[in-house]
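Participant: Fit chain B to the given chain A structure using the hints.
There are 2 protein chains.
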Amino acid sequence: MMNTETVASARKPTEENGSARSADWDNPRVASILSAAAKCFARKGFTATTLAEIGKELGLRKSIVHYYFASKAALIHEVQSFTYHRYLDRLKEAIRNGDGSSQQATDALRALWDAIQNNKTGTGLNIEVWSAARRDAELKRRAAGLQRDARQVIRDAIAPVTQKAGPARAEALATLALAVLNGLSVTEYLEGEEAKVQEAYATFLEILRAGFDS
Amino acid sequence: MMNTETVASARKPTEENGSARSADWDNPRVASILSAAAKCFARKGFTATTLAEIGKELGLRKSIVHYYFASKAALIHEVQSFTYHRYLDRLKEAIRNGDGSSQQATDALRALWDAIQNNKTGTGLNIEVWSAARRDAELKRRAAGLQRDARQVIRDAIAPVTQKAGPARAEALATLALAVLNGLSVTEYLEGEEAKVQEAYATFLEILRAGFDS
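Chains as they are written, first to last, in the working numbering: chain A, 702 to 915; chain B, 702 to 915.
For reference, chain A alone in the conformation it holds in the complex (with noise of 0.2 Å):
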């Protein structure tokens, strides 16, 4: 159900890590509470999901669920930041990999695209947190903050093809890409078209080229 060796390198951002329980990703309880919500609310949305039904999938009582997240509201707020920083750690496993080349920032986002079509949790999850975050703004900040995040990890990707095109010209690649990824996402999402979609990416990582240094 829950990849550990993933899990355990998802480390959280020193920065946001307080000293509730509910931030240790480390602790394999908090991170299979925080997989099995991911999958709850990618099926059937924030509203109609219990903490008791997220504990059933663990074969957990609710009060054990309870113990990490004191409320549905800070599980909600958690749980997206767990799953795409599993997604980044993929693409910075393949960034630390890498040789600097055109083809290894390529193969880095192809990686990551890869990561979020193994996981289409991901998707179910992405769009029941904009659709919510109309009404929370501490989790629009959070998925903003997590927008960034994501494009900050893609920016170091192809930061060793886009130095004579300047950070700017970065940011904006690195603002497309994250946009393509999202944006494919809602078309499978919604067309289920895996093959068309993937042909799309496909076609991404060649015209994204022609915006790298020659």
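Keep in mind the hints are simulated off the structure, nothing from the lab.
Since the structure is predicted, the reported quantities are computational estimates derived from the model, not experimental observations.
All C-beta atoms in this analysis are idealised placements derived from N, C-alpha and C, irrespective of residue type, glycine included.
One should not assume that every hint holds.
To be verified - According to the in silico footprint, chain A covers these stretches of chain B (three or more CB under 8 Å from chain A):
(1) 754–767
(2) 831–838
(3) 871–877
Unchecked claim - Covered, in the sense of this in silico footprint (three residues per stretch, anywhere, with C-beta under 8 Å from a C-beta of chain A), are these stretches of chain B:
(4) 772–779
(5) 881–891
Facilitator: Just chain B now, kept in the frame of chain A:
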């Protein structure tokens, strides 16, 4: 409140045009109800919005709204088509006036983006539809149909500059362009950084040309 000129040109596609009163977009009252509904839904979401509130926006009694739309569900199903086709009419017009050059194709895509930018309601409404589509198969079917309509219009816009590359390439680029529009709308909705998003879209149009016939 409502641009009657645009509304008048936003004819419903014939195949969907049943005998229901709500289907007549050329009826100014139907158009004004759909316009007001789009605003209310984007602001408060489907669940929290009542037919009475939509009527209130227009100074109409709830019974009048009911005369045209038998239920909130009927209005929800119709409102996205109405909003989408207003955007697409803008793009079709830009294509009609074009000369088949790369410049014209990107100008048409810029006109579509400007139309989306000028109507922030559209993004809020889209997100609400994507979220509700999980629980409403008919809404999902319609949303997927609108994506296909939009892609067809974009394909028409880029057809003259992808003749050598062939239809599969045109389809991939159109799928990508639509995903960029959706994805960047979400970025702006979450982060509100209009200049950054504009820059990313300009960069997209620039690298998109790398995918056109030379």
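Participant: Now look at each hint and say whether the structure bears it out.
Facilitator: Hints versus structure:
Here the segment 754–767 of chain B counts 0 residues with a CB under 8 Å from a CB of chain A, which misses the bar of 3, and the coverage is violated. Residues of the segment 831–838 of chain B lying with their CB closer than 8 Å to a CB of chain A number 5, which satisfies the three-residue condition for coverage. Look at the segment 871–877 of chain B against chain A: 5 of its residues bring a Cβ nearer than 8 Å to a Cβ of that chain, three or more, so the hint holds. Only when three residues or more bring their CB closer than 8 Å to a CB of chain A does the claim for the segment 772–779 of chain B stand; here the count is 0, and the claim is violated.
Interface restraint, the segment 881–891 of chain B with chain A: holds (9 residues with C-beta to C-beta distance below 8 Å; minimum three).
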